[in-house]
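Participant: Can you make the complete structure from the sequences, with help from the hints?
Protein chains in written order, with my numbering: chain R, 1 to 284; chain Y, 285 to 862; chain L, 863 to 1067.
Among the hints, a few may not be true.
Claimed, not checked - Cross-link-like lysine to aspartate or glutamate pairs, in silico, DMTMM-like; alpha carbons within 25 Å at most:
#1 K399/Y with D304/Y
#2 K679/Y with E181/R
#3 K1050/L with E35/R
#4 K265/R with D1031/L
#5 K239/R with D1025/L
#6 K239/R with D677/Y
#7 K942/L with D686/Y
#8 K1061/L with E100/R
#9 K1054/L with E35/R
#10 K239/R with D1029/L
#11 K771/Y with D724/Y
#12 K1050/L with E108/R
#13 K1054/L with D94/R
#14 K12/R with E1047/L
#15 K1054/L with E37/R
#16 K550/Y with D172/R
#17 K244/R with D202/R
#18 K286/Y with E310/Y
#19 K1050/L with D72/R
#20 K1054/L with D38/R
#21 K427/Y with E501/Y
#22 K1050/L with E102/R
#23 K239/R with E694/Y
#24 K1050/L with E23/R
Stated by the list, open to error - According to the in silico footprint, chain L covers these stretches of chain R (three or more CB under 8 Å from chain L):
#25 33 to 42
#26 154 to 164
#27 260 to 271
Derived by calculation from the structure, the hints in this document are not laboratory data. We put the beta carbon where it would ideally sit given N, CA and C, even for glycine.
These are the residues of each chain, in order.
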Amino acid sequence: MKYSYYPGCTLKSTAIEYGWSTEAVCEALGIELVEIEDWNCCGASSAHSLDHRLALALPTRDLMRAQALRADIVMPCAACYGRMAAADHRMRTDPAWRKEMEAEFQTEYIGAARPRTLLDVLGNDLGPEALAAKVKRPLTGLRTVSYYGCLLIRPPDLTNRWDDPEHPTVMDRILRTLGAEPVPWAHTVECCGASLALDRADVVTVLSGRIAQGANDAGADCIVCACPLCQANLDSRQKGVSPKVPVMYITELMGLALDLPGRNKWYAKHLVDPRPLLRAKGLE
Amino acid sequence: MKRIGVFICHCGINIAGTVDVKRVAEALKDYPGVVLATDYMYMCSDPGQSLIRQSIKDQALEGVVVAACSPAMHEVTFRKASAQAGLNPYQTEIANIREQVSWVHQGDKEAATEKAIEHIKTIVEKVKYNESLVPLSLSLVKKALIIGGGIAGLQAALDIASAGYPVVLVERSDRLGGHVGQLSGVYVNFDAAHDLLQSKLQAVQNNPRIKVFLRTEVEELGGYVGNFTAKLKHRSGNADEEPTFSEHAFGAVVVATGYSLRPLAKFGEYGGGRYPDIIDALTFEQMLAADGPTGGEIRRPSDGAVPREVIFVQCAGSRDPEHHMPYCSKICCMYTAKQATLYKQRVPDGQAYVFYIDIRSQGRDYEEFVQSAMTQQDVLYVRGKVARLYEQDGKVVAWAADTLTGKPIEVQADLAVLATAVMPAEGAVELAQKLRIATDEHGFFSEAHPKLRPVESLTAGIFLAGTAQAPKDIPETVAQASAAAAKVLSLFSQRELVAEPTIAYVDEELCSGCGLCIPACPYQAREMHPWKHKAVVHEALCQGCGACVVACPNKACKLRNLTPSHVLAMMDAYLAEV
Amino acid sequence: MTAGATASLASHTRTQAPSAGATQAVLRVDPTFLRTVESLSHENIRLCYYCLKCTAGCPTAYAMDYGPAHILKLVQLGQKDRVLRSSAIWLCVGCETCWTRCPNGIAAGHVMDALKQMALREGYAPAERRVLVLHRQFLNSIRLFGRVHELSMLALYKLLSGDLFTDLDLGARMFLRGKIPILPERIKGMAKIQQLFRKQPRGQG
Chain R
1 MKYSYYPGCT LKSTAIEYGW STEAVCEALG IELVEIEDWN CCGASSAHSL
51 DHRLALALPT RDLMRAQALR ADIVMPCAAC YGRMAAADHR MRTDPAWRKE
101 MEAEFQTEYI GAARPRTLLD VLGNDLGPEA LAAKVKRPLT GLRTVSYYGC
151 LLIRPPDLTN RWDDPEHPTV MDRILRTLGA EPVPWAHTVE CCGASLALDR
201 ADVVTVLSGR IAQGANDAGA DCIVCACPLC QANLDSRQKG VSPKVPVMYI
251 TELMGLALDL PGRNKWYAKH LVDPRPLLRA KGLE
Chain Y
285 MKRIGVFICH CGINIAGTVD VKRVAEALKD YPGVVLATDY MYMCSDPGQS
335 LIRQSIKDQA LEGVVVAACS PAMHEVTFRK ASAQAGLNPY QTEIANIREQ
385 VSWVHQGDKE AATEKAIEHI KTIVEKVKYN ESLVPLSLSL VKKALIIGGG
435 IAGLQAALDI ASAGYPVVLV ERSDRLGGHV GQLSGVYVNF DAAHDLLQSK
485 LQAVQNNPRI KVFLRTEVEE LGGYVGNFTA KLKHRSGNAD EEPTFSEHAF
535 GAVVVATGYS LRPLAKFGEY GGGRYPDIID ALTFEQMLAA DGPTGGEIRR
585 PSDGAVPREV IFVQCAGSRD PEHHMPYCSK ICCMYTAKQA TLYKQRVPDG
635 QAYVFYIDIR SQGRDYEEFV QSAMTQQDVL YVRGKVARLY EQDGKVVAWA
685 ADTLTGKPIE VQADLAVLAT AVMPAEGAVE LAQKLRIATD EHGFFSEAHP
735 KLRPVESLTA GIFLAGTAQA PKDIPETVAQ ASAAAAKVLS LFSQRELVAE
785 PTIAYVDEEL CSGCGLCIPA CPYQAREMHP WKHKAVVHEA LCQGCGACVV
835 ACPNKACKLR NLTPSHVLAM MDAYLAEV
Chain L
863 MTAGATASLA SHTRTQAPSA GATQAVLRVD PTFLRTVESL SHENIRLCYY
913 CLKCTAGCPT AYAMDYGPAH ILKLVQLGQK DRVLRSSAIW LCVGCETCWT
963 RCPNGIAAGH VMDALKQMAL REGYAPAERR VLVLHRQFLN SIRLFGRVHE
1013 LSMLALYKLL SGDLFTDLDL GARMFLRGKI PILPERIKGM AKIQQLFRKQ
1063 PRGQG
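Facilitator: Structural data, given as structure tokens:
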């Protein structure tokens, strides 16, 4: 299984543990990640807010550079995925725009590299048997809630419905394969507050706070997510939430279940330290 | 040579504005066989028809060509006028110089006039070869098949039977009454649905002319109006037993198969059917019914408690072209007001909310009924569509919004009732294929004309009634059922059926029995004679399409009044102009 | 979710900026504005029947002056000034929930983007100034490095927004955990990136 890899800006900084755990897990599962050479930032929500042409052109540069490998592009970050999927869709459906971009980048667009989320690849391409075979430390007794946020599964017109936009289940399936106990809750696809993280932190506190409290109300031990901004918002804005809920990347829990080395480095990056929980459950 | 009269219509300026009708008349005057060529403003008018009748008498005409609009408009009119003057109607033909000449060549009057002349000449040639034909008369089985035992089917059965004709009523479930049997009180008077239905059921049971088959479906329908043959499949009460079949003859069919509601599983944002206290309107209705599963008590499915707050969500799946049905389901505004009112009557200190986009209350006393729910019953109506429903900590949470303040709203209630979209009954499209009637893109059976023929399908002899044709409420259903019954009675009041004779026939001398015409026929109107080994036409089924004529290698198969002699003469007339 | 303060149109008229007629309580309708915004956003705003399902599901609507459906209604009524001054357009986070649920397939969030861009082109000060500052510094970082360098971006954001002291503790904790690298990584293809930035920004098209 070979993919182009687009880490996105945060995977070497604010979501560094997501980056490390992604690479470790993919290597252990035989998923080869070929990082797109000299990739640029996708523009996230700032580009589409301020400059529509730039917002599509920036990810298009990455799509063009990924073509040579002729493989799908796997992305751990939901926002990067949203932007790439939008750029790819526009190239496929608007011939005038495609011509303009081909002229801009002096490259023909063959569309051989489809943008995919990491969760989609781990859940749908890998298959539960392949994962189950490698589980060495089942996450027995760990009650989790799966948190998708927005851009992994919306808008369904662009995501190809790789998971259901109102009631997604792939993450739960992976967690069950790892031996954890995903519990039902109502906040899977609610927004964490996204880019208002700094400029309207009060909104993030309301939205992420409700999600974190919802995890507590559902009786979960931790929240599991697959997006750097969601993790950061949930991890950092739990004012008024009690007890504080650890927010794990899916790849961190996979790394734990697969008994991969170096996990402590990942946990140490969190603001809400997950280690007390993991030790209490006998998982670490 | 046959004495033929040519009558050229101006049709106001529809024809005369492009075609020089006077010149056309002049050109036809001297054409061989034409003894009279004249023009008139509106041939279809009374004076126009009188002109034809008088000319037939005065000029001893043996054939008539009316150059006018499409035969679909007035062929019948002119043939009748000819018959009144003693001329066989099939000696009268139309030359369409409106749709086929003046309307499509408005830019070139010279060419249009030439084409009109040419066209009329070919029809004159056709009439020269025409035989005087007699319409076919077909026998008529005066027995009706009604598919569906809900209120529409019951009403139609009663109307037809009370006029003296036998009826077979077929219902696929194990009881009559359909969805009305699941209702509690009906708007606006809160009459018990059970009582309304009982009166109809009693009448049906007591009527010796109505035979009811429960657990029965139509397996096949063959034949044609007046002479349908239906194969019925009867299931027994036991799952293990094989079904049995029976065959019957009918003259008419009424389709009254009713509706279904869009399933909760389709509404991801409303929980997709996973939450026990988020239910649909029929489920709530059954809770309200005294003879229903809760004995008329309103209880939360999750814990059996009496709900103190209930949210009603209108337009769940209707008016949603993007994800569900684009149309309005018509009945939900009214039944929601009724359900909210009944809830308040039984739980007086409870609170009901109705989230709506519009209120559609278009019958007698309907608007007053909804207003009464708002004012007297204190139901809180909020204009705004609910975005999400979920259950948490034993409460149903609704994320909605209010249009007038523009603000999002959150309500926590004990129960949520969704007015889900009305859709055709399951299996409607498959049934339509068996009956060979059309449906629209949603599966509702199509009526022959949206304004003027609301209870007929496009297939003669098959009529429609009730929600099978489109969402509607009980009074409209009953009216439509009676209307369909009236159509059936009108059919049955005839001694026999009359069909057009301009159909295919087989010249047995030329027929070699090759059988190529049989699969060519789209109407299954042909078969091989059992011992003559010649093709035989079922005159009642034949639509005169001509596919068999094309298939026949010997030209043994011909269409009456459009034989090869006709066609070749018409071709000669066209080519002569060059 | 709290319902937030009810903001009537009348109170908005009074507190808005002093353009001519702003104190009027009666709206002047300009039907051409709808067509302009539809063509910039590529959204069929005229299909909206104001059911408010978008507002009901919008995560930040509670904090907005006008919910997304109201912005669409104001666009339809040609209330350009009101719309370009609103906080709504700046508080939209692009979660795409509106598009996912709209019965008529309208992406209200894309309309918000087109309106943000129009507001900037026409010189309107954003109702949520800090949101603009952050977006600008985010893009600035890309223009310099090809990827976002958080440290410099955050520092510039703090300085330019004037919001110097909030979240300093959070920032420190992140820094101490090694989540905010000091040195930026600059990609090689900067010429191309800068070329993309120099093209005129415009709405969908």
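Participant: The structure should be examined with respect to each hint, and the outcome stated for every one.
Facilitator: Tested hints:
With a C-alpha separation of about 11 Å, the suggested pairing of K399/Y with D304/Y holds against the 25 Å cut-off. Under the criterion of a C-alpha separation no larger than 25 Å, the hint pairing K679/Y with E181/R is consistent with the structure, at around 24 Å. In summary, the hint linking K1050/L to E35/R is supported, as the alpha carbons are separated by about 15 Å, within the 25 Å threshold. Taking the CA atoms of K265/R and D1031/L, the gap is near 22 Å; set against the 25 Å cutoff, the hint holds.
A C-alpha spacing of about 20 Å is found between K239/R and D1025/L, which places the hinted pair at or below 25 Å, so the restraint holds. A threshold of 25 Å between alpha carbons decides the hint, and for K239/R with D677/Y the separation of about 22 Å falls inside it, so the pair holds. With a CA separation close to 23 Å, the supplied pair K942/L and D686/Y stays within the 25 Å bound. At most 25 Å may separate the alpha-carbon atoms for a hinted pair to count; K1061/L and E100/R meet this at roughly 12 Å.
With a C-alpha separation of about 20 Å, the suggested pair K1054/L and E35/R falls inside the 25 Å cut-off, and the hint holds. The suggested pairing of K239/R with D1029/L holds, with an alpha-carbon distance near 13 Å, which does not exceed 25 Å. Between the alpha carbons of K771/Y and D724/Y the distance comes to roughly 22 Å, so the proposed pair stays at or under 25 Å and holds. As the CA atoms of K1050/L and E108/R are separated by approximately 21 Å, the hinted pair is consistent with the 25 Å bound.
Distance restraint check for K1054/L and D94/R: the Cα-Cα separation of roughly 23 Å lies within the 25 Å cut-off, and the hinted pair is therefore satisfied. Taking the CA atoms of K12/R and E1047/L, the gap is about 10 Å. The hint holds against a cut of 25 Å. For the given pair, K1054/L sits about 15 Å from E37/R by alpha-carbon distance, which is consistent with the 25 Å threshold. For the proposed pair K550/Y and D172/R, the alpha carbon gap of about 21 Å is at most 25 Å, so the pair holds.
The suggested pairing of K244/R with D202/R holds, with an alpha-carbon distance near 18 Å, which does not exceed 25 Å. With a C-alpha separation of about 20 Å, the suggested pairing of K286/Y with E310/Y holds against the 25 Å cut-off. Taken as a hint, the K1050/L and D72/R pair is honoured in the structure, with Cα atoms around 24 Å apart against an allowance of 25 Å. Annotation: proposed proximity of K1054/L to D38/R holds, straight-line Cα distance about 12 Å (limit 25 Å).
Distance hint between K427/Y and E501/Y is fulfilled; the C-alpha atoms sit about 18 Å from each other, no more than 25 Å. At most 25 Å may separate the alpha-carbon atoms for a hinted pair to count; K1050/L and E102/R meet this at roughly 20 Å. Proposed proximity of K239/R and E694/Y is supported: the alpha carbons are some 22 Å apart, at most 25 Å. Of the pairs offered as hints, the one joining K1050/L and E23/R holds, with about 24 Å between alpha carbons and a cut-off of 25 Å not exceeded.
Here's how the segment 33 to 42 of chain R fares: 4 of its residues keep a CB closer than 8 Å to some CB of chain L, so the rule of at least three is met and the hint holds. Using a Cβ-Cβ cut-off of 8 Å, 4 residues of the segment 154 to 164 of chain R lie near chain L, which meets the minimum of three, so the contact claim holds. Against chain L, the segment 260 to 271 of chain R contributes 3 residues with a C-beta closer than 8 Å to a partner C-beta. That satisfies the three-residue criterion, and the hint holds.
Hint violations for this structure: none, all hints satisfied.
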